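Student: For reference, the chains in residue letters:
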Amino acid sequence: MAADDRFTEDFRDGREEEIIGTISEVITGPVADWATDFSHLEPEWSADPYPIQDDLRQRCPIARTERFGGAWLPTRYEDVAAIAYDTERFSSRSIILSNFRPPRELAPIGGSPPISSDPPFHRDARKLLLPAFTKAEIAKQEPATRAFCHSLIDAFQGQDVVDAGGDYAQHIPVRVIADMLGFPPEDGPQFRVFVEDLLEGINLPPDERIERVSRLFDYLLIQVHDHIDNPRDDLTTYLLNAELYGQKLTPDHVVGTMALLLIAGIDTTWSAIGASLWHLAKNPEDRARLAAEPGLLPTAMEEFLRAYAPVTMARLVKEDMRWHGVDMKADDWILLSFPAANRDPAQFDRAGEVIIDREVNRHAAFGLGIHRCVGSHLARMELRVALEVWLARIPEFTLADPAAVTWAAGQIRGPRALPLRIR
Amino acid sequence: MKIHIGAERCQGHGRCYDRAPGLFGEDDEGYGKVLGDGVVPPGQERDARLAAANCPERAIDLLEEG
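Those protein sequence lines, which keep their order, are chains A and B. Under the numbering used here, think of the first position of the first sequence as 206, with each following residue one higher. Under the numbering used here, think of the first position of the second sequence as 17, with each following residue one higher.
Honestly, I wouldn't trust all of these hints.
As the list claims (entries may be wrong) - Straight-line C-alpha distance at most 25 Å; calculated PhoX-like pairs for lysine-lysine:
hint, chain 1, residue 1, chain 2, residue 2
1, A, Lys345, B, Lys49
2, B, Lys49, B, Lys18
3, A, Lys345, A, Lys332
4, B, Lys49, A, Lys340
5, A, Lys453, A, Lys332
6, A, Lys534, A, Lys523
7, A, Lys332, B, Lys49
Unchecked claim - Pulled from the structure, derived: some chain A residues nowhere near chain B, Cβ distances all over 10 Å:
hint, residue
8, Gly226
9, Ala252
10, Asn408
11, Gln428
12, Arg598
To be verified - Chain B side only, calculated, beta carbon under 10 Å to chain A, not exhaustive:
hint, residue
13, Gln27
14, Gly28
15, Gly30
16, Arg31
17, Tyr33
18, Asp34
19, Glu42
20, Asp43
21, Glu45
22, Gly46
23, Tyr47
24, Leu66
25, Ala69
26, Asn70
27, Cys71
Hints were generated in silico from the structure; no laboratory data involved. Computed from a prediction, not measured in an experiment: that's the story for all the values here. All C-beta atoms in this analysis are idealised placements derived from N, C-alpha and C, irrespective of residue type, glycine included.
Using the sequences and the hints, build the whole thing.
Tutor: Okay, structure coming up:
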C-alpha cells in the first residue's frame, strides 16, 4: 500500500489566501434594545435568554442587530423551521456567528463537513458519517459510558458538595468521543480548551481567533499521523480510509470532520446533562418523581431537551431578499435559535413550563431538515445513561448555591459550574 | 390502521423507533423504517399515534381504515 502522503507538514500552506473572508467591527457592551441590537454574547442572555426570546416573539418576531456585521434572530418555531429547511436561500458555510464571514467560495463544502456544507455536497459527506452514528452502532458505547459515569460518582466519596458541571457532565462526552475518535483519554482537558477557542471568545480580535483555532488543527494533525502509522478500529482511521467520488477525502475534509466530531459532541451534551441536573436540583417534585419512576426518564429527557435545548446554529443569507417581513441582505447572519423555537406557544402547549411527562413533544433540539444533528443518537444515549446513573446513585440533591451556577456564553448554552449538595 | 414513513421527509431523528420499537426500526444510516407490512396490530394504535405526533419532521402518515 502506498504511504498516505496527504498530510505532509505543510498541507495548510497557501490556505491563508483561501480563507480571506470579511471581517466586521467588534461591537460589545450592554444591549440597548433586544429587537434592534441583540447579542447572544452578553451576560444577560447567557444568564436567562428565555424571557428575552418570549418578549421578541410577541413584539417582533424577527430581531435585528448591527453587531457582527448584521444579523437576524427569528424567535417563532415557524420561522426557525422555514430557514432550517430552506438550504437554497440560507447557507451553512459558517454555522458559528462571529465577526468573520468566510468567503462564498468556501461553499458548498465549508470548513467542517457536513455541518458546514450545502447541497449537493452535503448529502455525500453526511452519508459517510451516518452508519457510525446509528442508534444500534451507538448502543455499543453504552456499557463503557455507564461504567465511566459510575466511576465519576465513585470519586465523589466523602464530599457533600460536588460540581456536577465540571466534575460529572463535562467528562462524559469528552471520554466517549475520545474513545470513538481513538484519541488518548488523558487529552480530555485539552478538548475543553479547543471548545472554548472555537465556540466562545467570539468577540476576540480575528487574528487571535485564527491563532486559537490553529491550535486545534495542530493537535488533530498529530492524531492523523499517529493513525497513519498505527491504523486501528476508530473514526479517525475510518475517515483516513473513506472515499468520496472514487477518491480518498481531501486533507481539509478529513481534519475538518475530525474537528466537527470532537467539538460538536462535547459542550452540547455536557450542557444537556448539566441543564437536566440543574432543573432537577431546583425542582424537588420532579426529582423525586423521576427517581421513583425511572421508566419516565425517556419522556422527561425529551422535555429537558426541549426546554433547555443547548444548541443554536447560524446561517448566512445567500442573496438580498424580502423574507417574512424583513429585508435581508446577502451575507447577513441568521442566529438559528432552536431554543427559541422550542418555547413557542404556537407550537407547544404550556411552552414555558417544564412538564416531565409531556407525551407529545415535537421539539427541534437537534435541528430540523438535512442538518439534523448527526450525533443525536449518541447525545441521547449519553444523556440517558448520565441521568440514570446519577439518579440511581444520588436520588436526593439540591443546588448548593444558586448564585454560584454559571452558564456558557454563546451558541451552546448550559451550566458550567453547577455546585450540588448531594448529602 | 396503517403506518407509512415519507422517506423524503425523514431525517433519522429516530423518535419513532425510540418511542414505538414494535412498529418502527432504523436502516443502516439511521433513517426510520416501518417494520413488516405497516399494518398496526390491535392494541398498538396509541404507540403509532404517539410516534407520529413526536416526529420532528412530520414524516409519519397514519392511514386510518374504514
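Student: Confirm or reject each hint.
Tutor: Verification of the hints:
1. A:Lys345 - B:Lys49: Roughly 21 Å between the alpha carbons, so the hint for A:Lys345 and B:Lys49 holds.
2. B:Lys49 - B:Lys18: holds (13 Å)
3. A:Lys345 - A:Lys332: Between A:Lys345 and A:Lys332 the Cα gap is close to 20 Å, so the pair holds against 25 Å.
4. B:Lys49 - A:Lys340: holds (13 Å)
5. A:Lys453 - A:Lys332: holds (15 Å)
6. A:Lys534 - A:Lys523: holds (8 Å)
7. A:Lys332 - B:Lys49: holds (17 Å)
8. Gly226: holds (29 Å)
9. Ala252: With a cut-off of 10 Å, A:Ala252 remains clear of chain B, as the shortest Cβ separation is near 28 Å.
10. Asn408: holds (32 Å)
11. Gln428: holds (26 Å)
12. Arg598: For A:Arg598, whose nearest Cβ neighbour in chain B is about 25 Å away, the distance exceeds 10 Å, so it holds.
13. Gln27: At 4 Å from the nearest chain A Cβ, B:Gln27 passes the 10 Å test, so the hint holds.
14. Gly28: Cβ of B:Gly28 sits 6 Å from chain A, so the hint holds.
15. Gly30: holds (6 Å)
16. Arg31: Result: holds, 8 Å to nearest chain A Cβ.
17. Tyr33: Check passed: Cβ of B:Tyr33 comes within 7 Å of chain A, closer than 10 Å.
18. Asp34: Interface hint status for B:Asp34: holds (7 Å vs cutoff 10 Å).
19. Glu42: holds (6 Å)
20. Asp43: Status holds, d = 8 Å.
21. Glu45: holds (4 Å)
22. Gly46: It holds, given that the least Cβ distance between B:Gly46 and chain A is near 4 Å, below 10 Å.
23. Tyr47: For B:Tyr47, the interface hint holds, since the closest Cβ of chain A sits about 8 Å away, which is under 10 Å.
24. Leu66: This hint holds: B:Leu66 lies near chain A, its Cβ roughly 6 Å from the closest one there, short of 10 Å.
25. Ala69: This interface hint holds because 5 Å falls under the 10 Å limit.
26. Asn70: holds (6 Å)
27. Cys71: Given a least distance of 7 Å, the restraint on B:Cys71 holds.
Every hint, counting from the list given before, is met by this structure.
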